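Trainee: The lines below spell out each chain.
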Amino acid sequence: MDIELLYWDGCPSYPEARELLEEVLAAHGVDADIRMTHVGTDAEAERRGFPGSPTIRIDGRDVDDRGAAAAPSLTCRVYYLSDGRPSPIPSREELEAALR
Amino acid sequence: MTLALATDAPPFDLPGVDGANHSLEDYADAPVLAIVWSCNHCPYVLAWEGRMSAIQRGYGDRGFRLVAISSNDADRYPTDSFEAMKHHASEQDFPFDYLYDADQSVARAYGPERTPEVFLFDSERRLVYHGAIDDSRDEGAVSEHYLREAIEAALEGREPPTRETPPVGCTVKYRE
Numbered sequence: 001m002d003i004e005l006l007y008w009d010g011c012p013s014y015p016e017a018r019e020l021l022e023e024v025l026a027a028h029g030v031d032a033d034i035r036m037t038h039v040g041t042d043a044e045a046e047r048r049g050f051p052g053s054p055t056i057r058i059d060g061r062d063v064d065d066r067g068a069a070a071a072p073s074l075t076c077r078v079y080y081l082s083d084g085r086p087s088p089i090p091s092r093e094e095l096e097a098a099l100r
Numbered sequence: 001m002t003l004a005l006a007t008d009a010p011p012f013d014l015p016g017v018d019g020a021n022h023s024l025e026d027y028a029d030a031p032v033l034a035i036v037w038s039c040n041h042c043p044y045v046l047a048w049e050g051r052m053s054a055i056q057r058g059y060g061d062r063g064f065r066l067v068a069i070s071s072n073d074a075d076r077y078p079t080d081s082f083e084a085m086k087h088h089a090s091e092q093d094f095p096f097d098y099l100y101d102a103d104q105s106v107a108r109a110y111g112p113e114r115t116p117e118v119f120l121f122d123s124e125r126r127l128v129y130h131g132a133i134d135d136s137r138d139e140g141a142v143s144e145h146y147l148r149e150a151i152e153a154a155l156e157g158r159e160p161p162t163r164e165t166p167p168v169g170c171t172v173k174y175r176e
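So the sequences go chain by chain: A and B.
Under my numbering, the first residue of the first sequence carries the number 1, and numbering increases by one thereafter.
Under my numbering, the first residue of the second sequence carries the number 1, and numbering increases by one thereafter.
Calculated from the structure, these hints are not laboratory results.
Predicted model only: the values in this text are computed from it and were never measured.
Just so you know, even glycine gets a beta-carbon here, dropped at the ideal spot from N, CA and C.
It cannot be assumed that every hint is accurate.
[Unchecked claim] Restraint ranges, calculated between C-beta atoms of paired labels, are given here:
1. Ala32/A to Ala20/B: 52 to 62 Å
2. Gly60/A to Glu124/B: 51 to 61 Å
3. Arg35/A to Glu164/B: 35 to 45 Å
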């Protein structure tokens with residue numbers, strides 16, 4: 001399984017996202033490294049189709065289809081929890097669903 | 001450089017989403033004034049702005065005023081444009097003024113690094129608290145209500161129990 005966490009260090013949420021991702025992977029018995037990819041320029045964001053930080057792709061697929069369609073940008077990405085609240089990281093449930 | 005504690009509030013005169021200009025002097029009657037750097041696009045702001053509204057509504061009858069300012073570079077972040085600010089404020093029914101610092105001169109005078117980031121001034125307009133609204137973006141997990149406690153203290157003429165905390169949020173998008 002290929003797990004990539006793309007991040008921009010202008011947004012402080014990626015360590016929290018990584019921690020949650022590690023928890024979810026451990027809980028599901030997934031023994032895979034998380035590939036950390038820093039995106040540091042607008043050109044790189046464009047080239048990688050990076051809609052904001054953090055972006056998590058499992059086997060190349062974004063864990064949040066809706067947010068994945070946003071224009072590439074060096075920005076903090078907005079996720080929405082199941083109750084509609086905005087969040088700077090995906091929910092545990094979203095990550096679990098992406099692993100299935 | 002970020003404004004130091006006990007420093008006087010730098011003046012400003014900025015357009016608001018209500019169509020009027022608002023200056024520091026316009027809030028002279030407020031015994032306590034919070035200036036919060038904000039924006040539209042940041043998930044941390046989105047997580048906290050409901051609490052900003054609740055704080056304004058909760059302390060408004062005691063004369064407290066909260067003013068939000070966005071200084072983000074709207075050329076690079078179009079969702080932070082003045083038009084988008086008007087739309088967002090209307091959609092969220094903000095009970096506070098939301099001002100646009102297009103040339104970033106006010107941000108450069110106050111020196112915020114993050115959104116949201118609070119500068120709280122007493123009746124003499126000296127900075128008495130600077131930093132985060134509280135200690136968690138998740139409202140259900142908050143245990144330290146920094147801004148509320150600082151407002152209470154300032155309204156009673158006391159020094160806030162906590163005077164400075166690290167703001168947590170997106171970076172202010174300064175032009176390079």
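Trainee: When you take the CB atoms of Ala32/A and Ala20/B, is the distance between them in 52 to 62 Å?
Mentor: holds (56 Å)
Trainee: I want to verify a distance hint. Is the separation of the beta carbons of Gly60/A and Glu124/B within 51 to 61 Å?
Mentor: holds (58 Å)
Trainee: Note whether the CB distance of Arg35/A and Glu164/B lies within 35 to 45 Å or breaks it.
Mentor: holds (38 Å)
Hint compliance for this structure: every hint is met.
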